[in-house]
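So you can see what is in the structure, the chains are spelled out below.
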Amino acid sequence: MSDVGLYGSMYGQLRNYADRIDRLIVELKNPDAGVAAAAGKNLAAVLRDILDVNTLNPKALLVQKVLERELSEFNGVRSVEAIASALEQSQVGEYEMAAIEKMAMILDEECADTLARMRGRA
Amino acid sequence: MITDYFNATINQARERARVLKAKIPNPVIAPELVGLQGICESRLDDIIASLDYLINDPQINRPELLRERIRFFRRILEDLSMIEGTGITALNRIHADDVFLDKIVFQIHQEIRFPLRPPAVTCISQSYFGIWPSLGLMSVPLAESDFLLHLPDIYHELGHLLFSTENPKVEAFQRQRAKFIGAVREYLREEVALTKRSTGPTEYQLLILKGLDRSWIPWSEELFCDLFALYTVGPAYAWAHLHLTASHTSAPFNVRLEGEHPPDEARMRVLLAGLSILNRDADAQAIARRWDELLRITGHSATPLYRRSCPDALLEQAAVYAHEGTKQIGCAIASKGGRTISGLLNNAWESFWKDPSNYAEWEKNTIATIRQAIQPKLPNIP
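Protein chains in written order, with the numbering used here: chain A, 1 to 122; chain B, 1001 to 1382.
Since the hints were made in silico from the structure, they are not lab data. This one's a predicted model, so the numbers in the text were calculated from it and none came from an experiment. Even glycine gets a Cβ: it sits at the ideal position worked out from N, Cα and C. Don't take each hint at face value.
Below, a sample of chain B positions facing chain A; criterion: calculated Cβ distance under 7 Å [stated by the list, open to error]:
| # | residue |
| --- | --- |
| 1 | I1060 |
| 2 | L1065 |
| 3 | W1132 |
| 4 | P1133 |
| 5 | G1136 |
| 6 | A1178 |
| 7 | Q1328 |
In silico DSSO-like pairs for lysine-lysine, Cα to Cα no more than 30 Å straight-line [said to hold, decoys possible]:
| # | chain 1 | residue 1 | chain 2 | residue 2 |
| --- | --- | --- | --- | --- |
| 8 | B | K1103 | B | K1364 |
| 9 | A | K65 | B | K1179 |
| 10 | A | K65 | A | K102 |
| 11 | B | K1103 | B | K1336 |
| 12 | A | K65 | B | K1210 |
| 13 | A | K41 | A | K65 |
| 14 | A | K65 | B | K1196 |
| 15 | B | K1179 | B | K1169 |
| 16 | B | K1179 | B | K1327 |
| 17 | B | K1023 | A | K65 |
| 18 | B | K1210 | A | K102 |
| 19 | A | K65 | A | K29 |
| 20 | B | K1354 | B | K1023 |
| 21 | B | K1210 | B | K1179 |
| 22 | B | K1103 | B | K1179 |
Based on the provided sequences and hints, a complete structural model is requested.
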């Protein structure tokens, strides 16, 4: 009935993806090519999970909607598909990296906003 | 350099976590809060370990990863702030009212066969009932333990726990919600197709439908928590919803596309549909009568946007799916009479409507009797 329960639940879902993506970015930037390639494949799997238009998983759907709304400069979620492919083929250029960073920032900001609403700060 | 600032601040946060750990009272004076004590200690250990990673790990300390390091740090700091303001505060001000409600929640947990660990309760909420799933802590307003009419909301808060964990014991409930989301998306796809075929400008309508596609994700959780409460406590929950709406909400048909809560009218509709599933038609009629009266008096009626956002057919489907989910996870469905706490909360509402002017006296005496029966005689509790 209160905001805390619902926002707390949403926060947990967003936070899970935000932490996973940031951890994988750290590995993606690892100088060891093997570590980076493995991280790329894992990150691609996370992105494909989010992208699945037929998903009924509320956690993935929530993140999908957030990215859809905020990723306009990168052509919305359609660009995420291309990024996932680039990650799978270990062909991550500047554009892909910028988009991945942008996604991580969006999720981080959404986490902060959700927490602020949960605490009645927004 | 800003890196020096972050290095120093991360170290300071680590020290704060250690200080907070020392502030967790030991031994805890009420056994009901031992679980919370354990969770707080373990969460603080996780926080300290995460801060150590940010301080010591050579990879995360590379200059090109400063952004990631800052993002991690801010989120860890929020965790620390949350645990300080809720769990550790609760442990530091244990009051007899907390213990009383802890016992009530434990009893509810037993009666409805709740499949997860019962949360601890603290009376420090500044804004109605709430639950912090990561700490297993329910927060209620300071005076709530002296009143009965809002207590059915405890069952709703328990519902949020069912969505905050990956646990095979509750997967069936989560699956039913996912099925319901499927029904919502199907409905919205049809609405989009209809809108695209219609004449005249469609851009605004399509924008609304896109907003609804997003809003229904949190709305579905809220409605499922409402229905979980209804199915486990009975009509008292629908009365409590009427009670809250009558005293706090200004616009029950308001569709807030960026808001996470569904319109109050939609919540009442699912509850009435749920009562019908429980074969409590007389209760449903009595509640619907009062609800309609409330809407009439306050001058509210359904708007076209409300009708499009929350069609009755969809709300009825939510009631069916949530009922299945509640049964599938093994929770006991509310029945007339029987269980102690749900019986008490339903009796409270019956007593209220039977004789509203003398209800306060009845409630006071009833609570005094229950307290006498279950209140522990623990030393050092105010």
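Here's how the hints hold up against the structure:
Annotation: interface hint on I1060/B holds; nearest CB of chain A at approximately 6 Å, less than 7 Å. Annotation: interface hint on L1065/B holds; nearest CB of chain A at approximately 6 Å, less than 7 Å. With a cut of 7 Å, the hint placing W1132/B at the interface with chain A holds, because the nearest CB-to-CB distance is about 6 Å. A distance limit of 7 Å between C-beta atoms decides the matter here; for P1133/B the minimum to chain A is near 5 Å, and the interface restraint holds.
Taking 7 Å as the C-beta cut-off, the interface hint given for G1136/B is violated, the closest approach to chain A being about 11 Å. Because the closest C-beta pair between A1178/B and chain A is about 4 Å apart, less than 7 Å, the hint holds. With 7 Å as the threshold, the beta carbon of Q1328/B stays out of range of chain A, its nearest partner Cβ sitting at about 17 Å, so the hint is violated. For the hint pairing K1103/B with K1364/B, the CA-to-CA distance comes to about 18 Å; that is within 30 Å, so the pair holds.
For the hint linking K65/A to K1179/B, the alpha-carbon distance of about 18 Å falls within 30 Å, and the restraint holds. Proximity of K65/A to K102/A is assessed by CA-CA distance (about 15 Å); at most 30 Å being required, the pair is judged to hold. Distance hint between K1103/B and K1336/B is fulfilled; the C-alpha atoms sit about 23 Å from each other, no more than 30 Å. For the hint pairing K65/A with K1210/B, the CA-to-CA distance comes to about 9 Å; that is within 30 Å, so the pair holds.
Taking the CA atoms of K41/A and K65/A, the gap is about 23 Å. The hint holds against a cut of 30 Å. The straight-line distance between the Cα atoms of K65/A and K1196/B is roughly 21 Å, inside the 30 Å bound, and the hint therefore holds. Restraint check for K1179/B and K1169/B: satisfied, since their Cα atoms lie roughly 18 Å apart, inside the 30 Å limit. A C-alpha spacing of about 15 Å is found between K1179/B and K1327/B, which places the hinted pair at or below 30 Å, so the restraint holds.
The hinted pair formed by K1023/B and K65/A fails the criterion: a straight-line CA distance of about 41 Å is larger than 30 Å. For a cut-off of 30 Å, the pair hint linking K1210/B to K102/A stands: about 22 Å separates their Cα positions. Between K65/A and K29/A the CA atoms are separated by roughly 27 Å; this keeps the pair inside 30 Å, and the hint holds. Straight-line distance between C-alpha atoms of K1354/B and K1023/B comes to about 49 Å, which puts the hinted pair past the 30 Å bound.
Using a Cα cut-off of 30 Å, the hinted pair K1210/B and K1179/B holds, with the two alpha carbons roughly 19 Å apart. Restraint check for K1103/B and K1179/B: not satisfied, since their Cα atoms lie roughly 35 Å apart, outside the 30 Å limit.
Of the numbered hints listed earlier, those contradicted by the structure are 5, 7, 17, 20 and 22.
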